[in-house]
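*Asks:* Based on the provided sequences and hints, a complete structural model is requested.
Below are the chains, spelled out letter by letter.
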Amino acid sequence: MLHAHNLCKHYVDAGHRQVVFEDLELRLHPGETLALIGASGSGKTTLLNVLSGIDTPDRGEVLINGRDLHAQGEPERTRIRREQMGFVFQFFNLIPTLTVAENIALPLELIGAPRRRQQTTVEELLQAIGLGHTAERYPDTLSGGEQQRVAIARALAHRPRLLLADEPTGNLDEETGDEIMGMLLRLAREQSTALLIVTHSQPVAARADRVLRLHRGSLVAESA
Amino acid sequence: MKRLPRLLLRAGVNYQWRHPWQAFLALAGIALGVAIVVAVDLANSAARATFEVSAKQLRGAATHRVVGPDGRVPTAAYRTLFTTPGLPPMAPVMRAWVEQSGSGRRLQLLGLDLFAEGAFREQLPGAIAAGDLRHWLNQPDRTVISAAAAASLGLSEGDSLSLQIQGRQHALQITQVHGESSAATRDLLLVDTATAEVLLGMPGFISYIDVIAGDRPPESLDALEALLPAGLRLVSIDEQTRSTVGLSAAFELNLTAMGLLALLVGLFLIYNAMSFSVVQRRDLFGRLRAIGTQPHEIYRMLLSEALVLALIGSLVGLLLGALLGQGLTRLVAQTVSELYYRVSVDALHLDPLSLLKGLALGLGGTLLAALFPAWQAASTPPATSLSRSGLERDTLRWIPFLALAGAFLVVLGLALAFLLPGGLASALLGLFALVIGAVLITPASIPLFHRLLQRLPLGGTWRFAVRDLKRHISRLGTATAALMVALSAAVSVAIMVESMRGAVGDWLHALLNADLYVAAEDFGNGARLPDGLAERVLSLPEVAQASRYRNLQLSLRERPLAVVAADLAPQSRAGFRFIQRLPEQVWTAYDRGGVLVSEPLANRVGLHAGDSLPLPTPEGERSFQVAGVFRDFASEHGRVFLPWHSYLPLWKDERINTLALFGNGQDAATLKRAVAPLASIDAPLVFTEARQIYDESLQVFDRTFRVTEVLRSLSLGVAFIGILSALMAIQLQRRKEFAVLRAVGMTRLQLARLILLESLLLGAIAALLSLPTGILMAWVLTAAVQLKAFGWSMPLTLSAAPQLLNLGMGLLAAALAALYPAWTTARHDPAPHLRED
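Sequence order for the protein chains is A and B.
Its first residue numbered 2, the first sequence is counted upward by one per residue in this note's numbering.
Its first residue numbered 36, the second sequence is counted upward by one per residue in this note's numbering.
None of these hints come from the bench; they were simulated from the model.
These numbers were taken from a predicted model, which means no experiment stands behind them.
Each hint should be verified, as a subset may be incorrect.
To spell it out: a stretch of chain A is covered by chain B in this simulated footprint if at least three of its residues, at any positions, have a beta carbon under 8 Å from a beta carbon of chain B; those stretches are [as the list claims (entries may be wrong)]:
#1 16 to 26
#2 82 to 89
#3 107 to 115
#4 192 to 199
Sample of chain A residues lacking proximity to chain B, with all beta carbon distances greater than 12 Å (derived) [claimed, not checked]:
#5 G42
#6 G61
#7 E62
#8 R68
#9 I96
#10 Q119
#11 G133
#12 T177
#13 A222
If you want the footprint, here are the derived chain B segments under chain A, 3+ residues with CB under 8 Å [to be verified]:
#14 47 to 60
#15 107 to 113
Using N, Cα and C, we set each Cβ at its ideal position, and we do this for glycine too.
*Replies:* Structure representation (structure tokens):
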């Protein structure tokens, strides 16, 4: 599903070259859950952005189903993202001017799904996340946990092959975080979606199939 | 192109809906800009359309007109033509504007010969078609008027209407009031030609002969033209109407330019509002990009949002424009009547073309203003939320390029205005290039002011305020530019009006150097002084010298030309200021029969001293050598002074309109006492001192610029909303920062003071920048626009008063705009904002 090969990224800060990661290798199979852990500032989010095509590597390849993501132009990368990937952010990042139902329907709208399919999917996902009663509410009227549930539903609405989650429980209390994590894993498995979670929470990482630590620019396997 | 995802459009429109004040300010910018443009256009077209409708109704089926060299045609010439077989149908017409005694209300007197009328004016509603011959024939001093005219005069059938015509009192009996009212009949008095001849004091003359060419072969018109006595001409009425309406073209274009300037200020408001909404949603755009929204979809989302705002704002603007247009129409009609052609407008004419133009400008302008913010939004990188400081850094990087482009536009504007040919349009285009250039330079000045102010030993809140100048350059840059444009428009118009007023004042002062002016009452309508009066006045011991003037209304290249036949006393000659030749050379040529040509005429026709000027005379066309070109603000269409000894052999009419008297050292009152006994009841005289004419002339001048003043104030109003919106945007963005300041101990008062100080700095910078910009604009306005529009050249007058007033206005506007944001920000509880991410 996802294969990062020989991936390098560095920044130049005040004339000094700062390596974020170098000659990085990563594979993620369909339906697999991978947790990426590391200290703050270790480059986890940068790696996630490079893997999703939001950021570009200095060298190396990111193959999505055998296709080099960074060999494509920006519009094509965006198209791959909108069709094959889903995102869950730490700060939920819902669209404040759209209702809960509209937020969930947005990825379907972007890929041009018919209105009826949008409606059915939204209803199914709202039931799945237990927020059927909030369809017409705006995000700012929901709690943090509820907003993150809506974000997960939005990320899965168009049935992506790859789900990228950046600290999905980082802004939630332990109990809610645990509940959200359970839901994320359940829904990803139900859809056979490969899931890459960036986190610095050990309990969250422990629920993944595999755990990798980003340390000094290299990935090191950890026991799950 | 793929359709824009529905939810993206919804997200955009919902954003505006959830930020009503922001949407309101953007809408206000669009609406006010459109309203001003539409109002100006409606006012211009109302005067024009009313004149055209009125002219069309009064001409009826006539297609051509036989006119004389001084606005009259001998009745004998008409009789000869009328009785010549094979010529097209003809009807004599007498036409003049007269005054109702007491009220001074102007009415149009139309004298017609019912026997000749035939099919001429059947369209004239109710008046002639329904006219009963009994009302006209065998009864002198009878008139037929419309019900609307009767109602406005407070008269009804059978009443007597008192008129003052050429200084004499007359009474007309209203024999019939017809029911229909239109632009033509609202001020119309219909009389028989015989009555008109007596009333207008034109025995043996008519105003013109109307001709119906209809389907007749062109040869019949050729035959008519060939039979015309010397001095008479056959003209097409369509062309005559067009050229009359065309007289005010430059005036209208000037007003349109002022309206567009207001729209330009409005566009800054839209830009500001859109740009702010983009900055506020950078995170959102980043999220949208992360989940796969293409840049062009975000671009189109923003433009669609702008289009929705533009549509609502423009529609509101059209409504406001129609309301504003009503007031402006009266002002424009008054000016047009005073300067160009008499028109009576009592209702707004909603010209669909003006409304469409307003809508197109509103939509097009808003989209234009939204292009850059939309591009900024579309180039938001996915997921990453660029910080405010990132945007400010970006803006700072762009500033030098913008300033360079601005400098180029300023130079281009000046070149367009002064160097390139192309008349008024290129001068106005140059003016706009100059304004836009100055706008682009404005943001570059903020870091300079910041550096300068930083060096001042200021403390506390001042330091905060100065620091923020550079930190918020993207927002402050546009707000400052918006205020700068409005203030420089105000400065430039003030300088232009002042320069012009000064030039007109100097000109009047030099020209009006006689002790006393004597004229027949109603001399404005061509009333002449009694025969022999000049000789009797000159024989008085109190009178040392006198100049005699006879006013003629001729035409040159289908435009009216005021010709003054003058016997000038040496002192009157001293009042002329010549442009091309030395006075001695000019007067020598004048005494040899040359004519003096005014500067506007010389500029329009391209005349120089020594050239030849053909003029229509009763003896046919004659050429006169141009003795000199004199500075003149009396008419933009031009004036010609013709030596008395050249005039008399051709016109053979010794009667004069005005006498300018120079006493033997006595004051005007003594002179008046000496001359007064020469007046009679039949021929009352008007005595006017130079001072009085001077004051009255300047009053007319001030009235002419009232419309400009109104437009200037409106532009300032739009700019005020601009600063208000910019300040509110900044305050909203900085809620958390202010909350932190409050949390660490800044008092409400200190916070309010900070906001006020920031706003005042903005106002001061805009006002300071508006001085050089305004002066440059004034230079273009006076030395290029006015010269090309009206043919007037004048020196630029720079006095401190308008500049200081402008600085005050800038500071006041900025202070007023800061009041609400300062109040709301200081009032808010900081706690919720401290929790914001």
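*Asks:* Hint by hint, say whether it matches the structure.
*Replies:* Results of checking the hints against the structure:
1. 16 to 26: With 0 residues close enough to chain B, the hint is violated.
2. 82 to 89: That given contact holds, which follows from 6 residues of the stretch 82 to 89 of chain A lying within Cβ reach (below 8 Å) of chain B.
3. 107 to 115: Result for this restraint: holds, n = 6.
4. 192 to 199: Three-residue rule not met by the stretch 192 to 199 of chain A, so violated; n is 0.
5. G42: holds (16 Å)
6. G61: Holds: least Cβ distance 20 Å, greater than 12 Å.
7. E62: holds (20 Å)
8. R68: At roughly 16 Å from the nearest Cβ of chain B, A/R68 sits farther out than 12 Å, so the non-interface label holds.
9. I96: violated (5 Å)
10. Q119: violated (9 Å)
11. G133: holds (20 Å)
12. T177: At roughly 17 Å from the nearest Cβ of chain B, A/T177 sits farther out than 12 Å, so the non-interface label holds.
13. A222: holds (27 Å)
14. 47 to 60: holds (count 5)
15. 107 to 113: Our answer is that it is violated, as 0 residues pass the Cβ test (under 8 Å) against chain A, missing three.
Hint check: violations occur at hints 1, 4, 9, 10 and 15; the rest are consistent with the structure.
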